[in-house]
Structure formats: C-alpha cells, structure tokens
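Novice: Residues per chain, in single letters:
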Amino acid sequence: MPLDFYRDPLFGQTMITLMAAAVLVLQITAVAQKSIVANIYVFAVQSFLLAAIANTIAWFNNAPHIYLAALLTFLLKSLVLPAILLKLVERIQIGHELKPLLNVPVSVLISGLLTLLAYVIAEPLQHGAPASGPASLGHNTLPVAVALFLIGFFLMANRRKALSQVLALLSLENGLFLAAISLTYGMPMIVEIGVFFDVLVAVLVLAILVGRIRDAFDSMDVTRLSRLRG
Amino acid sequence: MNAMPVALLLSIPLAAAAATLFLRRRAFIEAVHLTAAAAIFLSAAFLARDVLAAGTLSFFHGFFHADALSALVTFLTALVFLIAAPYTVGFFRRPAPGEGAPLGGREIRNYHALTHLFVFTLLAVSLTGNLGLMWVALEGATLASVFLVAFYGKPTSLEAAWKYAILGGVGLSMALSGGETWEALNWPFLASASRSFDPLVMRLAFILILLGYGAKAGLAPMHTWKPDAYSEAPVPVAALMATAMLNCALYGLMRFSLLAAPAAGATFAANLLALFGVLSIAVAVPFILVQRSARRLLAYSSIEHCGIISLGLGLGGPLGPLGAMLHMLYHSAAKPLLFFCAGNVQQHTGNDTLRKSAGGLIHVLPVTGAAFFAAALALTGTPPFPLFLSEFTILKAAFARGMLWVALLVVALLVAIFAGLFSHISRLVFGPRPDLARGDLNRWTTWPLPVLAAALLAMSFWIPGPLLALVEAAAKILEVRP
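Sequence lines, in order, name chains P and Y. Reading the first sequence from the start, the letters are residues 1 to 230 in this note's numbering. Reading the second sequence from the start, the letters are residues 1001 to 1482 in this note's numbering.
Only chain Y is shown next, with the shape it has when bound in the complex:
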C-alpha cells in the first residue's frame, strides 16, 4: 500500500502554513499558496486513483483510512482549495472593504497561514479512520476558521465569529457526547452488556450526533451562524466554508449514520436525515425571498443545498446516495463561483446589498455579471447545468420510495428558491448602466470565473471516468439495506 498521497495531503498544508509565517514578500506567500493548492490537488487525485484500484486503504493502525467516500470528500476539499487559489491571490491584491489600500504584510501572512491550517484540518477530517480523531479535526477546523471569520476585525465580524465559535463549540460537544455513547457500546468492557442496551439510547446518541454535526454542516434549525459567518469572512474562506467544510461535516454525519443503522434501526437514522433535510430546504425559502445581502443569500442557499444532500442520504435505496454524492460534487464546483462573483461585486461597488443596488452590473463588470447570472442559474438547478441532474436523481429516489408528497413539497420549495434567487440576481446583473467605473480590472479575480462556469456546464454532459467511478463507489458505501 502506498501511504505517500495521504502523507503528502497532511504534510503539504502544514508545511505551507509554516513556510508562510517566515515569508515577508507578498509574491512569495502567493507562490506558496498556489503551489500548495496544486500539490494538494494532485495528491488527492493520486489518492483517489489508489482507492479506486485497491478499494480501501488503511494506515497506522487504522488511524488513517481511505475508502471511496473519504477519497471523494478529500478530493472535493482539494478541488475547492485549487479553484479558490488564483482568486485568493487577486482578492487580496485589491483594497479591503472600507479601506483604500490592500491589506498589509502581517494580515496577509496570518490569513494565508490560517487558511493552510484550516485546509489541513478539513483534509484530516476525511482521512482519519477514528471517530474521535475525526471530531478533533473538525473542532480544529472550527478553531482555525474563527479568526478567518473575524479577519476584518469589524464589530460585525466579531459578532459573527463569536456566534460561530460558540454554536460550533456547543454543537461539537453534543457530537462528542453522542460519539462517546457510541464508543461505550463498542468498548470491550461493555461488549457483553451491549445487547441489553436500549435501542432508545442509541437513538438518543444519534440525535446528539445529528444535532452536533448538523450544526457544523448548517442543517436547520442549527443554521443560524451560517449567514453571519459567510457574509463576514473574506470571500475565499466563505467559499471554502460553504463547500469543503460543509462536505466534511456531512461526511461525519454519514459515517455515524452508517454505524447507527444496525443498532438504532436502519430507517430511524435515514428518516431523521430526510426530515432535517426537508426542514433545511423549507427554512431557507423565506430568507432567500426577502434577502437584502448577496452573501447572506448564498449562505441560505448553502443551507438549502445541505438539506438537499441530507435528504438524498435519508431517502436511501441506490438512487438517494448517488444523487447526494453527485449533488455534493456539483455544489462544490458551483458555490465557489457564486462567492467569487459576489466578492467581485462587493469589492467594486463597495457594498453587498441586493435591494438598494442600482443593478446593471453587466455594463460595469461584464465578465463577472455574465458569470454571476450563469452561476445563479446553475445553483438553482436550471436544466443545462448539472445540479438539475443531481436534484432530479434525488427526486426520483423519493418517487421510488413512494414518497410522492415529499417529492412534491421539495419541488414546490425548489421552485420558490429558484424564483427568489433568480429575481435577486437578475435585478443585480441587468438594468440601466449605473454610475460606476467600468471594472473587471484584476485578471486573477476575473478570468477564473468564465473558466469555472464553462467547466460547470461541461460537467452536466461529461464527468471524467475515474471521478464518476469514485462518486458511484462512494454512493455504494452509503447504500444501507434495511
């Protein structure tokens, strides 16, 4: 077995964080960031290749473990980090919000070092084979990202960071207590007594896990930190949190629901996942319809997509997990694009508002405006874009299980979200030319957008063979037979 990709995946971000702390010149820090992102992506691709060839890899007494599911989540984390890397470079060369000049050396250094640490913890979540270590890594991800949320130091950023840290901390301690109950069941001391354990206790444990990891993923009703954190964090970090961290938290939930299935009853965990999924989609609707800020809008959309993935997992059968995995892939590719567009708009117009916006961005920021519109269509699952396929697969899973009413309810909610997002974004993009300078000046923040949009469109017709195989293998793992 080749442990190289796993070793590289864990050591590159740490090395990059350490190196960043000693660098003075902005260009070097940027070079380290870009190199690390590319190297992590390559290692993740190699890991995926090894996993596809060998099935399951296990190192260091099982503390590190990779199967198709963890390889997919790892790959997506690496992918989002890679996508965000060029944008990050451009983003920090432009003036910080509310200030005339780009941020100085010390802030830049802290930002990059913390981001590398954040990526390290996220990769550790999906690469460890130990439930306790997974918890440690996810808590580490929270701690690494608290200062990234508070990065600009404004009162609102501090408020967002405080709520994020406290809710994340409380949520994860619930997850730990649920995990402990679980470990108690597996522990040799209690092995003989475990048969007399109430399924009720196991169910209670799973509910704690669901609340804990659900809070981290942003499932309703534990989603309240999300809009604050996403709107206050620097754009590249918000993109990472909305995709990679969401995937990792859901990954924890998936692992536990697989474990809980035999003890608590297969349908119990699945039904709860589906219930919280539909609830999250429903909760997002009113906030999307009346939203005033573009990035808060994206946060509510991320709550919705988290709900869709959770619903897919809960529906089960062969189709549900497949739809969920596809949706995770497509969402991870689409969401960063939207955050980048929103970031460009915010940097150019100086604010993040939707209602008071003059509109007409297509005249001022032609590339960003067009990409924003295309990305909004993609995010709402409009047909030429791939999210339609995954949402359709999940709906098909609902029909296959005879849950007609759930499917109809979800369709209605998705239509409402489509209407809300579409009207907000089109009002922002189209309209008469506003009184602003023509922008799209920074190459780094502009040219990734059309490339990403084109790649996203291509994905609905063609996914690279190995990636599709990985998605299918991951869905196979999640298939729970009742």
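Bound-form chain P, shown alone:
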C-alpha cells in the first residue's frame, strides 16, 4: 500500500535521521554565523526540527506524553524564547556582530572535531540497543545530541557577548533535549514540565541580567566582567 508509508517505522527512522542531520548542520551554521539576529533564527529553526523529531518518535512509539514535550518545545523554544531574545536585541541596541574569540574557519574545524568525538563517545550506547524495530527508533540521534552538547560548550567558551552566551547555553540545552527524547523517550511528564519551566525562567533571568549588565557597563562584552579576582 503506497499510502501507508507513514506507518512504516523505517520511514520514521529515515525522517528522524534526516532531521537530526539538519539539526547538526544548523548547529555548525550557528558556529559560523556572525550576526546575533541570524543566530536567534537558527536557534528557532533548530528547536522546530527538534519538536518535529519528538513528534515523529511519539507517533511511531505510541507515546502520547512526548506530544506534550514536542508542543512545549515548539511553543517555547521556537516561538517564545526567540521572540524574547529578538526583543532584547532591539531594546539594548547592540551591534549585531558576535565577535567570537577564534575566527570562523578554526571554529568550524573545531566543531567538526567535536562531532567526531561525539560519535566516538556515543558509540558504546548504541551497541546496547537492538538493531531495528520501533523500540530503537531514534537511537541513532544520540551522537547528534552529544555533538550539540559539545559544540554548545565550545560556543560558550568562544563567545564574548553576554547574549550570545545565552544562545550557546540554549543550544546546549537542545542537545540535552534530543538525548532525553531519543534515549529515554522523554522523562516523566512532571519532570519535563519542570525542565521547560526552568529553561523559560532561566532565559528571562539571563535576559534581565543582560539588560542590567548593558546598562552598568555600556557593553555586553563579558571579558569586561573581570573586576572580581583572587
């Protein structure tokens, strides 16, 4: 039956792999991207793809509580948070340049190496899962999740501006979400809601702090935050 492809786990597997690849590409795009606004859009699209992956897993595994996680991801991370961040960029009128510490080619190279490392780390976990069937759906995204996590760390270290550090923290969080979804098929619902709530509050807290730092220092360059020593 040609129209039944949407029930075929193999199709789901292919779609998930494809979307996970796009998520990884977007993460490396974020590394190469110099404009904060473009970076926020990249984050929004990446979150949308994550929500789509979660939806696919929920569909093929009949796990209704993952739909909620997918919905929350879509609403929160691809709509609300980018809107808050764009508003913040507009309000504090910062230059749109990101000014990373390392230049773009070196950064992309490092991201590639981190991706390689992620595959090495995640390999042992994949051996544990059965080769096919619905139970293992999405397990091959684990290396992508680890790669998002590692590249997120690298972005944190590589960026000077307070707001872009927040973005890096969020993409790191996306890696955690992907790992949670693909590996454990979501955490208990109350935990999931708690984590989303924390992410939302964290962004609000950091946004307020960015605004205040900007007012106090006339800059968002965190390398200027260096009065406290010893």
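Simulated from the structure, these hints should not be mistaken for lab results. Cβ atoms here follow ideal geometry from the backbone N, Cα and C, with glycine treated the same way. Mixed in with the good hints there might be a few duds.
What the hints assert, rightly or not - Here are the in silico distance ranges between beta carbons for each label pair:
| # | chain 1 | residue 1 | chain 2 | residue 2 | range |
| --- | --- | --- | --- | --- | --- |
| 1 | Y | HIS1363 | P | LEU86 | 56 to 62 Å |
| 2 | Y | ARG1433 | P | LEU102 | 53 to 59 Å |
| 3 | P | TYR41 | Y | GLY1104 | 40 to 46 Å |
Since the structure of chain P is already known, use the hints to place chain Y on it.
Specialist: Positioned in the frame of chain P, the structure of chain Y alone reads:
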C-alpha cells in the same frame, strides 16, 4: 503516614513569598519572615521525628520521599533559615553598603519574596524522590538566587551574578545529561539491553554528575563563582548559599553516588569524591593565605569544608559518612555565624578588606569581635569546638582505610588553612583602637552572635538525642559496602 510536615515545608515558603508581595509595611514583612522561619523549622523537626519513627516516608507516587538523609538535609536548611531570620531583620534595618539609608520598601519586598522562593527550592531538592525533579529544584534554586546575588545592582554584583548564573547553568546541564544517561539505564525500554552497557558509560555519566552537582556545591575546579557570589550577595543570602545550598548540592551528589556504585564499581565513585575533596581543600589554601576580603575568605573556607565533606563521603566505611554528616551539621551551624560577623564588620567599617583594615574591632564592636574570633577558631576545627570532632572522625576513616598519606596531606593542608584564617581574623579583631564609633548598636544583628557561638560550643559536648540518631541513620544510608 502523615504527609503534613512535607506539605507544610513546601507550602509555607510559597505562602510567605506570596504574602510578602502584597505587604507594604516593613514590620509586617519582617513578621512574615520570622514566622515562616519558625514554622518551617518546626515542620522540619516533625518530619525528622516521623522519619526516625517510620524509617522511610513516601508520598504522591514516590515523587516526594523522605528518609534519614533527606530529613537531615531538610532540617539543616530549616535550621540555617531560622538562624538567619533575626539577623536578616536587623541587617536590612541598617544602611545598605555605600548608601546612607536602609533600603526602601520595594527592594525589601523583592528581597524577602526571593529568599522565600530560594528556601522553597532548597527544601524541594531534599524532599523530592525523583532525580529529575531534584534537578529541576536545584536549577530553580540557582535562578531564585541569581537576583539575590545581583541584589545591590553594582557592577561587581552583576559580574558575580552573571558568572554564577552561567557556571551554574552549564554545570547543571552537565548534571542533567549525566542523569539522563542514568535514566536510560533504568528505563524499561532498555532494561534488556542494560547488561551490555559499558561500565565505562556509567562512569562517564557519574563524572558528568560530579562536575555538575560539584559545580553547584563548589568543589574545585568548578568553584570559581563562589568567592564572587558570596562577597556580593547580601549577608543572610550568602550564609544560606554557603550552608543550605551547599548541603543540597552535595545531597544530589550523594544520591547519585549511591546509585552509581553498583553499575560503575563501588570504589570508582568513592575515589572520585575523595579526590575532588582533597583537591578542593588544597585549592583553598593559597587563596586563604593571601586573601584581601573577609567574605571571599569565607567563600574559600566553604570550598575547603565542601572538600572535607566530600572526602568523608569518599573514604567510606562506617566512619567516613558519619564524619561527613557530622561535619555537614557543624559546618551549617558555624558558617552563618562567620558571615554575620563579617557582615557586621562590613556594615560598621564600610568595607570588607582584611589587609588594609586598621584592626582593633574588639574595642569598637565588642560582641561581634569576640564572636568573630570564637567563630574563626570553630571554623578551623580548633579543639573545644565541634568541627574538630568531625574532622578528626574523617581523618580516622582515612587511617582506617590505610590511606596514611592522604590523612597526612589533609592534616598539613588544614594546618595551613588554620594559620591563614587565624592570622587574618586575629589581625582584624585585635590591635589598637581604631578611629571609629563604638558600635554593636543593633540588637537584631548583635545578640544572635553570642547565642550561636554558645550553642556551637555546647554542640561539641552534647547533641540532642534525636538529632544524633538522625545523623547516624543518614550515615548508615551512605555506607556503601564494596
């Protein structure tokens, strides 16, 4: 089973936070704070009594769970909040640093509401039975306290708050990723496959957990946010962070190390805890010796004590966890006293410096000066004070395991820290009379000090029976048999 104490413990701080937001008069806000602190303390005591009678309590499908360990941590959070309550009242009646007048209504309201929220999240950490919720609560504690660190709005406070938020956030996301790996192992989907899981993966997960919760507790090398946050936050919050939040982060670490023991090998987690413990003690030494600011000094001392507790946990056997639990209790009672003294000195002299200080505080602030000196002796584990007992127990555990060199190294480091702290504080307290007005004016910030110091001294001779039973039961839980 009586769920009342747990329900009260979680609802009182929330109710107090909500009530505070609607209050205008300073006196009412203070009354709410004092009442809430007393009520939380009583509920925690009742919870401890129930746990001692029943063993383990579990409510709401295990999402809330209390055994001796969590009851002890909960009790300590409540205790520190109670100790800090009268001081908080007095602290905010005096002028804010760098300003002539005490803070106005709006700031006071925000401060108290945020503090109640902070206490709520800390209590939730130790009362939940779900590892995911524990993470959510601890992240909540970070978020509630970020604005408390940034409270005075100075550039340095913002810097401290930013570093605290970012390091805390990164650390906790590491903890979450480690926790996820763990949950994956327990998850029914993978139950059949879990045997083929590498112990290597479990070890990796535990390292992530250790880095994450260790960052929150302030174990070296993830300790760098601590001196900034402790020196910029208002004094009562710094005291809460240095004791209650430290206990809660260590509590998370304890829970995971108990879980990791069977899969990753019992000695693996224990050895890492001991290693990071000794490292933290060692890292604190040079910064204590050359420190310029009193509250940063206390922060490094808190890194050291966090290391001592972690070392005790790592040494294992019957003695190690017992020493760690005792140390947690004594440290939670002693550290707030030091922060209060440092706060009084800072408010009276207008600065927090050690090196440029004229000294002679005993002439200007007689009660604070005497208490500061006694508290410094207590904190360094000098014999008439109880921290000597717990540190000695932990050293005995090291000897019992035949780790002679570790014990000797720790003794040497502790002696160096004693020398550093003792010389700083005695230079501050003694000496010729400086050119300052005679102080100790505010009852609320003065009289808690001698009471606390006396209670601390009494604790080395006598601990209330039920509390001792709780400490011993908590240590029993942590005893991992290899």
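Novice: Could you run down the list of hints and mark each one as holding or not?
Specialist: Status of the hints after comparison with the structure:
1. Y:HIS1363 with P:LEU86: 56 to 62 Å: Cβ of HIS1363 of chain Y to Cβ of LEU86 of chain P: about 59 Å, so the range 56 to 62 Å holds.
2. Y:ARG1433 with P:LEU102: 53 to 59 Å: Since the Cβ atoms of ARG1433 of chain Y and LEU102 of chain P sit about 57 Å apart, the hinted range of 53 to 59 Å holds.
3. P:TYR41 with Y:GLY1104: 40 to 46 Å: Cβ of TYR41 of chain P to Cβ of GLY1104 of chain Y: about 42 Å, so the range 40 to 46 Å holds.
When the structure is compared with the earlier hints, no violation turns up for any of them.
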